[in-house]
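S.K.: Given next are the chains, with one letter for each unit.
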Amino acid sequence: MSAQRIAIFGATSAIAEACARQWAGTGARLMLVGRDASRLERIAADLRIRGATEVRCVVRDLSHVNDLQPWMDALWSEWNGLDLCLVAQGTLPDTKRCESDIDYAKSVLELNADACLLLLLALAARFEAQASGQLLALGSVAGDRGRAGNYVYGAAKAALATLMSGLEQRLAPRGVQVLTIKPGWVDTPMTAAFRKGPLWASAEKVARDIVRTSLRGRSGVVYSPAFWRPIAWVVRMLPGWLFRRWRF
Amino acid sequence: MSVEVRCWAGLPTAHHERIDWSGSPASLPETAGSLLPRGAGRSYGDVCLNPGGSLIDTRWTDRYVAFDPETGVLRCESGLRLGTLLAHLRPLGWTLPVVPGTRWVTVGGALANDVHGKNHRHAGSFGHHVRAIHLLRSDGSLDRLAPGEDRFTATIGGLGLTGLVTEVALQLRRRSGMWLQEHASHARGLDRVLSELDTASAQHEYAAVWLDMTQPDPERLFGLLLAADPIEGGGDASGFARPARIGVGRLPRLPLVGRLSTRVFNAVYRRLAARHPGSRRVDERSCLFTLDSIGDWNRLYGSSGLRQYQCVLPLGTAPGGMEALCRVLSDSRVTCSLAVLKRFGDQRPAGMLSFPREGFTLAMDFPNDEERLLVLFRRLDAIVLEAGGAVYPAKDAHMSRELFRAAFTRTDEFAAHVDPRFSSGFWRRVGA
Numbered sequence: 000m001s002a003q004r005i006a007i008f009g010a011t012s013a014i015a016e017a018c019a020r021q022w023a024g025t026g027a028r029l030m031l032v033g034r035d036a037s038r039l040e041r042i043a044a045d046l047r048i049r050g051a052t053e054v055r056c057v058v059r060d061l062s063h064v065n066d067l068q069p070w071m072d073a074l075w076s077e078w079n080g081l082d083l084c085l086v087a088q089g090t091l092p093d094t095k096r097c098e099s100d101i102d103y104a105k106s107v108l109e110l111n112a113d114a115c116l117l118l119l120l121a122l123a124a125r126f127e128a129q130a131s132g133q134l135l136a137l138g139s140v141a142g143d144r145g146r147a148g149n150y151v152y153g154a155a156k157a158a159l160a161t162l163m164s165g166l167e168q169r170l171a172p173r174g175v176q177v178l179t180i181k182p183g184w185v186d187t188p189m190t191a192a193f194r195k196g197p198l199w200a201s202a203e204k205v206a207r208d209i210v211r212t213s214l215r216g217r218s219g220v221v222y223s224p225a226f227w228r229p230i231a232w233v234v235r236m237l238p239g240w241l242f243r244r245w246r247f
Numbered sequence: 000m001s002v003e004v005r006c007w008a009g010l011p012t013a014h015h016e017r018i019d020w021s022g023s024p025a026s027l028p029e030t031a032g033s034l035l036p037r038g039a040g041r042s043y044g045d046v047c048l049n050p051g052g053s054l055i056d057t058r059w060t061d062r063y064v065a066f067d068p069e070t071g072v073l074r075c076e077s078g079l080r081l082g083t084l085l086a087h088l089r090p091l092g093w094t095l096p097v098v099p100g101t102r103w104v105t106v107g108g109a110l111a112n113d114v115h116g117k118n119h120r121h122a123g124s125f126g127h128h129v130r131a132i133h134l135l136r137s138d139g140s141l142d143r144l145a146p147g148e149d150r151f152t153a154t155i156g157g158l159g160l161t162g163l164v165t166e167v168a169l170q171l172r173r174r175s176g177m178w179l180q181e182h183a184s185h186a187r188g189l190d191r192v193l194s195e196l197d198t199a200s201a202q203h204e205y206a207a208v209w210l211d212m213t214q215p216d217p218e219r220l221f222g223l224l225l226a227a228d229p230i231e232g233g234g235d236a237s238g239f240a241r242p243a244r245i246g247v248g249r250l251p252r253l254p255l256v257g258r259l260s261t262r263v264f265n266a267v268y269r270r271l272a273a274r275h276p277g278s279r280r281v282d283e284r285s286c287l288f289t290l291d292s293i294g295d296w297n298r299l300y301g302s303s304g305l306r307q308y309q310c311v312l313p314l315g316t317a318p319g320g321m322e323a324l325c326r327v328l329s330d331s332r333v334t335c336s337l338a339v340l341k342r343f344g345d346q347r348p349a350g351m352l353s354f355p356r357e358g359f360t361l362a363m364d365f366p367n368d369e370e371r372l373l374v375l376f377r378r379l380d381a382i383v384l385e386a387g388g389a390v391y392p393a394k395d396a397h398m399s400r401e402l403f404r405a406a407f408t409r410t411d412e413f414a415a416h417v418d419p420r421f422s423s424g425f426w427r428r429v430g431a
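Read top to bottom, the protein sequences are chains G and H. Residue 241 in numbering that gives the first Met the number 0 is what sits at position 242 of the first sequence, and the numbering runs on without skipping anything. Residue 227 in numbering that gives the first Met the number 0 is what sits at position 228 of the second sequence, and the numbering runs on without skipping anything.
No lab work stands behind these hints: they were computed from the structure. No false leads were mixed into what you were given.
Calculated pairs, SDA-like style, for lysine to any residue (alpha carbon to alpha carbon, straight line, at most 20 Å):
#1 Lys105(G) x Tyr150(G)
#2 Lys204(G) x Ala240(H)
#3 Lys204(G) x Trp184(G)
#4 Lys204(G) x Ala243(H)
#5 Lys195(G) x Ala13(H)
#6 Lys95(G) x Leu108(G)
Please take these sequences and the hints and turn them into a complete structure.
M.R.: See the structure below:
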């Protein structure tokens, strides 16, 4: 079998980089898409030594949604198609600031929601035409039910999950797997300001879950670590009167 | 964020500001207090602690930068762990010339403590194989330093005090295969142990003696000598990156290593060892990283932790000095749970504060028993001082300023290279 062709969008994020390392170990060909050219190059050099057959960097501000179509056409033809895409771009916003600074909230939603959804739609069209491949996106348990502390981020991740669910149904007959990964609390530079407890997982652990599930060719939703599935279920099921009082 | 941080031996937890270092932008974070880089936190004592100050956590900068398969020079970031490095480079036919007893330390930590292995006589210490470093200082400078430069020599074994090492160039050594041919033999009596170790360490690449220090009488001391040489053949190098199959990280910190369990373990191990002398083929991992087979083994010592005493005595004074150490230990009636003896070669130290120097080095683990251990350690220190030896900063939590100054004669020269914003619990205790 020839090396898997994998594109990672938001490749400098910790979970994306941890996934890329796992794929590199299997000898995959990796295309890293992100904004920061020098960080992408550093990651690429690392992945080559970790076993990747080929690594290319594509510098693009992913919050920029203009001329997405021609850009996608060019990207897709680089390796004459792709076997797997992971959409991992995103930022963890300051919810309090979103409440008072609408311009800030707009930029957050543009990056975490608009840009992700449009990118996924563009990728879905490609996969549909190719009639094979895997489309993966990073959601979050925060998208399962909005909580006062984190609902702007959660709203964007809920939108992503809903779009992915639709794509899953749409692309199933074409043999394309669509998988949403919902990590819980992950210890990454994005969450450096949080105090870590026993529910926190490492980016490596989440990456192992992602790669393993994608190898099984599964579609649907996977929580990582798996114990978040029952936790998320309980949170969704909480009656409103309790949910309003119990600020967690 | 203020967090409680422990060192490997589990000194009382100390409050630190912990800063995740991402490598960009390439400037040190603004903090109120002093800074100290931190790798895997596998140092036993306070060289990896900076109570009341900040720790710069390097775990996110663990990337390879470049590898030249012609020369075997690897460039990598300082947060990369040795086990990861071996898992990727061994299949390409290259290895690290020097590894310490655990593969979970970072490249930066190995360099800052100038660690040694069981092959010091042939390969020197870790610092001897460093070809260049990139050092970020609080004045904003980011310099590439090479052997021969004073600041380079200060940084090797420099306990992280000269600035943040962001990148390291290492000279690797060619090696194919995963097997070692191991020769086991035993000796009774301190003099015989020392002379057999002396011979074996000259003949074989790796050599170390496991001592039964539950019976420290020098005439009757039992030593198991393990010497080994690399051979061809043997399987899969990816295991170097795999964590231990047995892990105790999730168990409560029960004090399982105590007086009784130590006696039983030593007696059983000794009988098993005595029954199987001779030569056998072993996997390099189990021979060089014996304790890595149990993840987080330090937790077996309970919440009060352990203490290690590692000293080196010069060749001339070693026989008498070691005998005195044994007698003091015997008098103290303190239980030593594990003791290992190695021979250091005569290489010029790689760094200003490097610990290895020609002679014999003895490392002893003890379940922590603060007061009694401190009394014992003070008596051991007096012997080391008189013998012209040194105590290993990476393992230390008690050494006096006098002993440090006497053992590390280049301290003043080193102090001139310490970054004014950097400090550590150890440095405030003995050096500054």
